[in-house]
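Novice: Construct the entire structure; sequences and hints are all you get.
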Amino acid sequence: MIEHEALCRNLEKLYMRTKQMNKASLIIIDGGVGEGKTTLAVQCADYINKLDGKQPIDLLTGIQIGMGGDEFLQKLRECYAQKLPILIYDEAGDFSRRSAMTRFNATINRTFETFRAFQIIVICCLPTMQALDNGLFQKSIPRLLLHCYNRKRNYGNIKVYSLYRTYYTRAKMEKLIIPSKAYGIVNPNFHARFKDLEPERQAQLTRLSTRGKLDILRKSEIESKGLISAKDLATRCGRTRQWVNLHLRRLNIRPQMEHGRKAYFPMDSLGILSSLVKQR
Amino acid sequence: MVDFNNERTIATPATDIERVLILQKRESVMDAIESALKMDRAGVQAETHIIHARMFNLWIHISALLKRHLSTEEYTELFQKVNSHDIQNHLDAIVKINKVLDAVNLTKIDTRTRIDTTDIEAENELHGL
Numbered sequence: 394m395i396e397h398e399a400l401c402r403n404l405e406k407l408y409m410r411t412k413q414m415n416k417a418s419l420i421i422i423d424g425g426v427g428e429g430k431t432t433l434a435v436q437c438a439d440y441i442n443k444l445d446g447k448q449p450i451d452l453l454t455g456i457q458i459g460m461g462g463d464e465f466l467q468k469l470r471e472c473y474a475q476k477l478p479i480l481i482y483d484e485a486g487d488f489s490r491r492s493a494m495t496r497f498n499a500t501i502n503r504t505f506e507t508f509r510a511f512q513i514i515v516i517c518c519l520p521t522m523q524a525l526d527n528g529l530f531q532k533s534i535p536r537l538l539l540h541c542y543n544r545k546r547n548y549g550n551i552k553v554y555s556l557y558r559t560y561y562t563r564a565k566m567e568k569l570i571i572p573s574k575a576y577g578i579v580n581p582n583f584h585a586r587f588k589d590l591e592p593e594r595q596a597q598l599t600r601l602s603t604r605g606k607l608d609i610l611r612k613s614e615i616e617s618k619g620l621i622s623a624k625d626l627a628t629r630c631g632r633t634r635q636w637v638n639l640h641l642r643r644l645n646i647r648p649q650m651e652h653g654r655k656a657y658f659p660m661d662s663l664g665i666l667s668s669l670v671k672q673r
Numbered sequence: 054m055v056d057f058n059n060e061r062t063i064a065t066p067a068t069d070i071e072r073v074l075i076l077q078k079r080e081s082v083m084d085a086i087e088s089a090l091k092m093d094r095a096g097v098q099a100e101t102h103i104i105h106a107r108m109f110n111l112w113i114h115i116s117a118l119l120k121r122h123l124s125t126e127e128y129t130e131l132f133q134k135v136n137s138h139d140i141q142n143h144l145d146a147i148v149k150i151n152k153v154l155d156a157v158n159l160t161k162i163d164t165r166t167r168i169d170t171t172d173i174e175a176e177n178e179l180h181g182l
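Heads up: the protein sequence lines correspond to chains A and B, in order.
Residue 673 is where the first sequence ends in the numbering used here, and the numbering goes up by one at each step.
Residue 182 is where the second sequence ends in the numbering used here, and the numbering goes up by one at each step.
Simulated from the structure, these hints should not be mistaken for laboratory data.
Glycine residues also receive a C-beta, built at the ideal position from the N, C-alpha and C atoms.
So, partial list: chain A residues that the calculated Cβ filter (under 10 Å) puts toward chain B:
{"no.": "1", "residue": "A399"}
{"no.": "2", "residue": "R410"}
{"no.": "3", "residue": "Y557"}
Specialist: Written out as structure tokens, the structure reads:
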């Protein structure tokens, strides 16, 4: 668990801000690949769980870790139902400025605007906070930035920035050829270090993280191949799932991929089913 | 003050002029005190009449300000010290005057709000975030 006194104090303040003042609190953890973002997120979450009188994060079920946006939204509801105080949104690269106009991003934006009602602190882990939507910062939702860098075998290094200094860092990043140099130009509020988790927990986290990353990879593959699920086919045709499944069988359209107990069909099948709908 | 009867439309406010004058007078008093102390340390009898004259000059500039910031007893006591010919009284008087000038932010230079930089929320709130 986190032992750095200043970091603990700030996490306590954020906890009070969320619980007592009912304000949204988002912690951003960024850094290069393999710098220990998820490990640090777990340690911060363990500390906040402890403040709330809960057990450390369960890394077997991963109830408080959402890998990617879809899982994050689902876990947010589950955490709210179980009155858990914190949720980690890992691999948050899908919520980025570049794709900010997608419906998914609009959903995530809306979630961040309203999630203060859940009284849940969210920790967002992603490679660079520069990718996050400006709207999030303008609404003063992120309160703390933890930048991981220069991880060693047994410990990681963090630079801690307030929202105020994060603004300056973002502005610097826009101008520099190597954006990450901005972290060396803007003075952090303080530095800290964090140790690795206990071996057993680290192994659990590795398994969970690998599972999550494979899932994300699969979803990216599905998206890049332009496949569509039966549920989405039903929605877009304006028909029931049973109707879609029946006609897919009749037309002998087989799924090209299966993932997460869902079958994915080629995009052409949407055109075929839509024409059937028009004929009727 | 802008005199709209002439063609000058940009002027220095009277308060700025007065502030600069007060600072100049204060500086001249402290110069005189410095010279007197030098002579005193060198074993020569110090000339306090210069300090008295300059301090009285400063007093005239800031008497209204002092009246607002000091109680009647403090004001009277300070005037007696300014009007005396004893260098120690002059030193006490200038220290007291400096305190008042600092309180009205005329000589205060450490006006930046100091916060604990390890307190993230305090810094965010200080900047209205």
